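Please build the complex by placing chains B, C and D on the supplied structure of chain A, with the hints as guidance.
4 protein chains.
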Amino acid sequence: MPSLVRPSAERARLLISCADRPGVVATVTRLLFEHGANVVDSDQHTEPDDLRFFMRLEFDLPGLAERLGALEEAFAPVAERFGMQWRLIPAARVKRMALFVSKQDHCLQELLWLWKKGELMADIPLVVSNHPDAREVVAPFGIPLHHVPVTADTKAQAEAATLELMRAHQVDLVVLARYMQILSGDFIASFGGPIINIHHSFLPAFVGANPYAQAHSRGVKLIGATAHYVTAELDAGPIIEQDVHRVGHRDAVADLVRIGRRVERTVLARAVSWHLEDRVLPHGNKTVVFS
Amino acid sequence: MPSLVRPSAERARLLISCADRPGVVATVTRLLFEHGANVVDSDQHTEPDDLRFFMRLEFDLPGLAERLGALEEAFAPVAERFGMQWRLIPAARVKRMALFVSKQDHCLQELLWLWKKGELMADIPLVVSNHPDAREVVAPFGIPLHHVPVTADTKAQAEAATLELMRAHQVDLVVLARYMQILSGDFIASFGGPIINIHHSFLPAFVGANPYAQAHSRGVKLIGATAHYVTAELDAGPIIEQDVHRVGHRDAVADLVRIGRRVERTVLARAVSWHLEDRVLPHGNKTVVFS
Amino acid sequence: MPSLVRPSAERARLLISCADRPGVVATVTRLLFEHGANVVDSDQHTEPDDLRFFMRLEFDLPGLAERLGALEEAFAPVAERFGMQWRLIPAARVKRMALFVSKQDHCLQELLWLWKKGELMADIPLVVSNHPDAREVVAPFGIPLHHVPVTADTKAQAEAATLELMRAHQVDLVVLARYMQILSGDFIASFGGPIINIHHSFLPAFVGANPYAQAHSRGVKLIGATAHYVTAELDAGPIIEQDVHRVGHRDAVADLVRIGRRVERTVLARAVSWHLEDRVLPHGNKTVVFS
Amino acid sequence: MPSLVRPSAERARLLISCADRPGVVATVTRLLFEHGANVVDSDQHTEPDDLRFFMRLEFDLPGLAERLGALEEAFAPVAERFGMQWRLIPAARVKRMALFVSKQDHCLQELLWLWKKGELMADIPLVVSNHPDAREVVAPFGIPLHHVPVTADTKAQAEAATLELMRAHQVDLVVLARYMQILSGDFIASFGGPIINIHHSFLPAFVGANPYAQAHSRGVKLIGATAHYVTAELDAGPIIEQDVHRVGHRDAVADLVRIGRRVERTVLARAVSWHLEDRVLPHGNKTVVFS
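Protein chains in written order, with the UniProt record's numbering: chain A, 1 to 291; chain B, 1 to 291; chain C, 1 to 291; chain D, 1 to 291.
Bear in mind the hints are in silico, worked out from the structure with no lab data behind them. These figures come from a predicted structure and were not determined experimentally. Accuracy of the hints is not assured; some may be wrong.
Any copy, or any two copies together, can satisfy a pair, since identical chains are not distinguished.
[As the list claims (entries may be wrong)] Taking lysine-lysine and the BS3-like style, the derived pairs with C-alpha atoms no more than 30 Å apart in a straight line are:
id : residue 1 : residue 2
1  : Lys116    : Lys155
2  : Lys117    : Lys103
3  : Lys103    : Lys116
4  : Lys95     : Lys155
5  : Lys103    : Lys155
6  : Lys95     : Lys286
Bound conformation, chain A alone (with noise of 0.2 Å):
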């Protein structure tokens, strides 16, 4: 099933942080120039707190392939000049991104689902599951599933097994597409990646589990979902993304479920879509999103 039209082999983006200071812009862009890059796209931010600086730059290059080690050795001087943080990284490079998943399976489908349209730039090696029952909606994709059961004993060797899979399919990211498992501290610091969770509701309301239950018994009239990047403490790593749906007295905590599903697969398959492109820069525990 091969959906995914790759990007053009010319075309790269520059991810750049660092301290505020006159003339970034102007050297960076001029460097660009010099080595017969054309911009297509650029965005920028500093925060004002801590005069952070992030940018964003996507370009054509033709002969990137060829040309990307003269233009990494011309710009690292002037990285380490202005203190930078940087990546330059070849579109073409997709990244391979692993699904995990339990029992529901409605936003597993929708990335399938907008994958094959082409929407998600990404190679799809495996999906994980701690369930057997996403087999029916994987299979379609040809993509493997990998069923790996978890119990309370059997945690250990089960995030190492999966561990192993994240190697052995070389894995850059890791989508928590409804994943009811808690990751350890471990498993995240070994698999060293990024990992995007979805929380089924508008964080930092409603942390930890059935957060349905808890909005319909605090009687909120907005239900909410939100796409973060996964770190040690639960629920409390940087939002990428979060949206919400008008709910009233007529719904019942099922309702709220049904109602949040849409939510949930919307808000995830953006957040997916923006990391996949490079579009989110972490910093501290928020994020800057050049969507």
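Relative to chain A, chains B, C and D alone:
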């Protein structure tokens, strides 16, 4: 400034709540029909958790003033039979509403403005403020402003003086339009009537002081406002209405404050308007809103 | 794939419209009560322009199947007296819905998916397409796809064949899930039942072909979708539901198409779901939606 | 009523549009850097249809007033080389805005209010109205109201008198805040500057008179408002901003008018605020909005 087009003298509302039992609607509508009432609006809800039944009927009855007593007398045994809590309210008996404000005057301004346009069906005998600044806003509306300063030392006396004002002006409803003092449990109990507050966050997120600073610090992507009835527990009373607005990394705390003003005034205005039309029925710590 | 949890055999809906007259509600609810029905949901509306009264009641009646005849017989003289149009519908008699699709399959996919989740209360005996592409989408749901190609020359025969399919499968409702053929007035009249279409614009803006290109050319800041009943006049039938999504100068026509897909599938799903639950009452060229 | 906190005397904006060519950004940012400017905000866009490039830079330059001439002189040959249209605007040179109003004063009220809060960066030398009613709204803000009645017979003289007022008060921008007269092509041409209108529908739906009555008659489920630049063709100029609000069968035309007021004032306020900050760049019959 006679801005209020008074509701028709023939219009009344009947609010009912009771345990759900067959025949309630048939019995009530039959009784109204037999008394010559014409139902113009009707809404009902049964809470699935506890099978509590709620109903709001709006009807026209020619000669209401003279016939209200007979109608109430006829209704009492029906209510008794079904174990109803009920209220029969002539629409023309508009509520007397006091507005409380501190320095931020945008909610006050919005309410006064809508009131002048005839969108809020209330009499406003007075505005109370712990700061003198609101005088300029209130003056063009011809409403007296009572300046009641509050300090840690004078809080008890200030509340006593305020209570006396409520009694003297026969106030039915207090609206805290960004009133930055926390009312004591004693005040709430002594006043006895409903008090609506606007909290500048999407509750239960960011309870307490400086919610916009809290929201900025957490990096949320939506900010909200919540209108709720005041109870002795801070920011924990029954929610009437909530709404949100999108924000992003470019928005500093001052921007959240500015954007939030729009949300606050809209949310508070909707909640107050529904309350004035007897559309909000409290149910434990939640509300049924027949909007 | 037996995904549908059938509604309770005791549940029924009563739909009424008539000239507004005192006593309608009392009479109807009394009759239901006397027959042992327990009303679980009720909504009503009087159109101020022509004083037309609309009502939807949902009730439970033990032994409904055996007692439906008696109830209808008892209701007929009441309906006669008030000049009512009315329908009494057992909820378990789910509608038979045919989905029509062309190349764009996102609306089809959404409806099938919600149907499988039990969110659309219908039987789907067949999908009709003028292209063979939908087969892959439809296959996992175990529903037969009928490929009926249409050209300018064969349109009449194609419509006749399609009509024959509708009759053979006893179809109650046709949903045009991005079906890019214009149905003839003859087809609409011969089928006789309701047909719901999703138009990819905020009608009445951008009637006809290529609405996203029209929207882009006009420079609008929101794009929308409209679900409506099909009439002989193109894109002019009663609107059931509409929604919009924000766009900006960065969005090319292809982006509008992509963003629009989300709006289209949400709007169509809501409209179809309301229709299936008998929540949509046409009134001239408008609809009353008891959602 | 000195409500306006003037922008810093060091802040300026540079607006550019030209055919997209490599090196534009590098050249411009280099030149600003060499003149000691510190870029604090930057946004750019290339229109894919015609490869037109748009850029907005905001920067601080100490001693701007004395150095502006030199900067313009240095920039002129660069602009010449790239075939740029460009404007260099000191932020402290706030625009002079005239508000036109008829009987409906909610948009006028909103703009004056935001202006007083410091959210609209403009001087408002006068309000023009063809009705005397606005006097009460305008008075507390200390702005002169010019009452210029218009009849079919006196339209030419009225427009001439209005034009004379614009000249006498050196007006940069006219905002039609529900001004119910159609300005002639002559007036538009003679005034020469931008004119922003609020149309009370989601254009291009419901062009012309009584859009809420049109919307009610068509049975739409959302009503909207559109802020656009005025051109000689009625309701057809470049759209700056639009928004919508949900309505239903319970809403009569009077409700649409009431709900619409909220949408109108929000949409117009956003559009005016963006224009005043030079965030709106017209492009043919569309706009690029760097919001």
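Hint by hint, here is what the structure shows:
Taking the shortest alpha-carbon separations for lysine 116 and lysine 155, neither the intra-copy value of 32 Å nor the inter-copy value of 32 Å comes in at or below 30 Å. In this assembly of identical chains, lysine 117 and lysine 103 lie within 30 Å of each other by CA distance both inside one copy and across copies; the values are 24 Å within and 13 Å between. For a Cα distance limit of 30 Å, the shortest separation of lysine 103 from lysine 116 qualifies both inside one copy, at 22 Å, and across copies, at 15 Å. For a Cα distance limit of 30 Å, the shortest separation of lysine 95 from lysine 155 inside one copy, 27 Å, qualifies, whereas the shortest one across copies, 47 Å, does not.
In this assembly of identical chains, the alpha carbons of lysine 103 and lysine 155 lie at most 30 Å apart only when taken from the same copy (18 Å versus 46 Å across copies). Taking the shortest Cα distances, lysine 95 and lysine 286 sit within 30 Å of each other inside one copy (22 Å), while across copies they are farther apart (36 Å).
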